[in-house]
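S.K.: Next come the chains, spelled out residue by residue.
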Amino acid sequence: MRMMNLAQAICEAVDEEMARDENVCLLGEDVGVFGGVWGTYPRLQTKYGERRVWDTPLSESAIVGTAAGAAMCGLRPIAEIMYFDFVTCAMDPMINQIPKARFMSGNQLTLPLTIIGQFGSGSSEAAQHSQSLEAWFIHTPGWKVVMPSSVYDTKGLLKSTIRDNNPVVFLWNRSLYEVKEEVPDGEWIVPLSQANVVREGTDITVVATSFMVSQTQKAIESLGDEISVELIDPRTVQPLDVRTILESVEKTGRLLVVHEAPAICGFGAEVVRQVVYHSFDYLDAQPVVLGAMHVPMPFAENLERTVVPQPKDIAEKIREIVPARAGSYV
Amino acid sequence: MNKVADVLNKDKALWIYKRMVLIRHFELRMQQLCLDKKKAGENPGALHSYEGQEAISMGISACLRDDDCVFSTHRGHGHALSKGLNLRLTVAELMGKAAGCCRGRGGSMHLFDPKIGLMGGNGIVGGGLPLVLGAGYAAKYKGTDRVAVAYFGDGGASQGSLHESMNLAGIWKLPIIYVLENNVYAATTHFRYQCPIENVAERAAGYAMPGETVPGNDLIACYQAADRAVRRARAGEGATFLEFKTYRHRTHCMVIPEHRPQAERDEWHSKDPILIFGNRMMDEGFAGEAELKKIVAEVDAELEDAVQFAKDSPYPDPATLTEGFWAN
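Chains A and B, in that order, give the protein sequences.
Take 1 as the starting number for the first sequence in my numbering and just add one per residue.
Take 1001 as the starting number for the second sequence in my numbering and just add one per residue.
Honestly, the hints are just simulated from the structure, not real lab data.
Here are some chain A residues pointing at chain B (derived, C-beta under 7 Å): (1) 65; (2) 70; (3) 73; (4) 97; (5) 110.
With the C-beta cut set under 10 Å, the calculated list includes, among others, these residues of chain A facing chain B: (6) 103; (7) 107; (8) 141.
Everything numeric in this text was worked out from a predicted model, so none of it was measured.
Think of the CB as a built atom: it goes at the ideal place given N, C-alpha and C, for glycine as much as any other residue.
The task is simple: from the sequences and hints, build the whole structure.
M.R.: Right, dumping it as C-alpha cells:
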C-alpha cells in the first residue's frame, strides 16, 4: 500500500495505459513540456516523446477535433480540456461530430477517445472557470460520462475509460486535488457503469457525484446516529447503473441526490425520473435534488459557498426528508 | 497548357471522365426521384447537388489512395462517388434503406465508408475541418505517407474551425490538403458578403503553407494542383491550401428557388467541366466521340441498376435501431 493523490492517480493511469497500448496518446494545452497545469502529467513527454504526448495551441475545437479524427483513424487519444468550462469552444466536435459519427456511419466507425478535464468551484475562479457541465454530455446520445470521487476510483476508472472503445468524457472536481488516500501497489481497474455503495444505511438513499460524495460523508458524520444514510456514488453517470440506485431506494424509501451542478435539468433530475418511474410504490417521501442555485458562480468565496451545497446544507436536507424517530421531538 | 496525354494515361483519363459523368447523372437522377416523391405527396427531402463541380472532386480523388482520408461536406455526393463509394449502396442510403452504406442512419449528408477513406459528409459547415487534423496526425503518428483531405466551400471558409485547423496543421506540418470549392454562393449569400478579399488562398501564407488559386472547372488544372499538394504531403512537407473557383448548377438545395443572375449562370454553364474535359480529349484525338458516348451509356445503365436495387431494398427494421450503438 502507498499514499497517492489525485494528480498521481491520473498520471499513473495514463502512463500505464500508454505503456500497454502504442495507440494511446495524450494532447492538450501545457500537457507536454510543462506536464499539465494541474501537475497531472509530469515526465510523460520525456518518457514517451513528442509524438505521443504533445502540446497543442490554444484551440479547443482543434484539440477535440484532432482527437476525433485520430480516433477515427485507429488511435486512442486522450485530449485534455484545461478547465472544462472551455469545452464551449469545442462544442461542434463535442456534440455534432464525436457522439454521432458511429451512429451516422451505420456503426462503421469506432471512436475510442477520451476527453478529460477538471471542473468545479471553491477556489474563487468565478463564473467561467467554475461550472459543472456534465449534464450536457449525459443528455447527448453517444457519450459516456465518468465522474470519480476518490483517488482509487480515479485511477481505476481512467484506465477503464481509456480502454473503452467509445467516446468518454472523464471529469474530476478540482477540490479533489487535495485528497490523499492509501491505495494498493500496482494496477487496478474500476469498471464503468457500476455504482459504488459507499456506505450502507436504511433511512434514506443519498446519491452523490464527485466532490459531493465526500461532502455528503461529512454531512453524515454530523448526523451521528440520528439517521442511517445509504450513500451511493454512481461513478459513471452515463450509462448509469440505475439498478443499484433502485435497489437502494426500494430498501430505504427515500431519495436525495446531491451534485454541484445547478439542480434545474441536472443529473439529479434524471435519477429522480428513473426512481419515480420504476420505484414509485416504494417511496415514502418526495425525491429531492440538492444542486447549485440557479445563478452563475459568483467570485466572492462566501457567495460561492452559498451557491453550492455545503455539508451543513446536505445534513439539513436529509433531516427534512427523514422524519424524526418515534419518541423524539420535532 | 498541357495536353491531356501529357498528364494522364488513357485508362486513367477515361476513368476520370466516367466518374464525372456518373456524378452528374447521379445528381440529376436523385433529384428526379425526389420530385417523383413530391408528386406522390411524400416528403421529397432536399438534396445539395454537386453538379458543376465534378472536376474538383475527381481531380483530387485521382491522386488519392484508398488509405487516404477525405472529410466531406453537406454537398458530398460528388466527394463520395469520386472516392469510390459503391453506387448501389449510395442510392440505397439516399433512400434511407437498410442496405445503404450507413444502414439508412446517415442519409445524403452523412455518407461514410472508412475502408476507402470516406470519413463522412457533414451537416455542419466547417465540421470536418477540425476532424481532418486527427487523420493527418494519425498518418504521421504511424509513420505512413497517407494524406488527408478536407473539403469546404466559400461559406465554410468563414468558419473559425478553418482557421484553428490551418493553424494547427501549419505548426505540426500535417499531411493535409485543404480543398476550398469556391462556388460563389453560400446558400444564397454571394461571396462579396462572405470574404473581404478576392482569393482566399492568399491567407495560406499566414498558416505557413502554400496557397493556390485554381480554375475549378478545368479537370487537368485541378488534377495538377492536387498532385502537387499530395506529393508535398506524402513527402512530409506539410499541408497545402487549394482554392478552386467554380460554380454549382443548382441553388444551394432543392427547396431554394433560383435567385442568381441569368448572365452569371450562362457564363458558368458555358464552362461546364465535363464538356470541357470531353471536348479537349476529342480535340486532341485522345479519345473519340463514340468512346465517350459509350461511357455515358454505361453510366446510365449502372445508375438504373442501382436505383432498382435501392427501390427493391427494404427500409431498416426499427427493432435494430440501437444495434451496435456502443462499440464493444
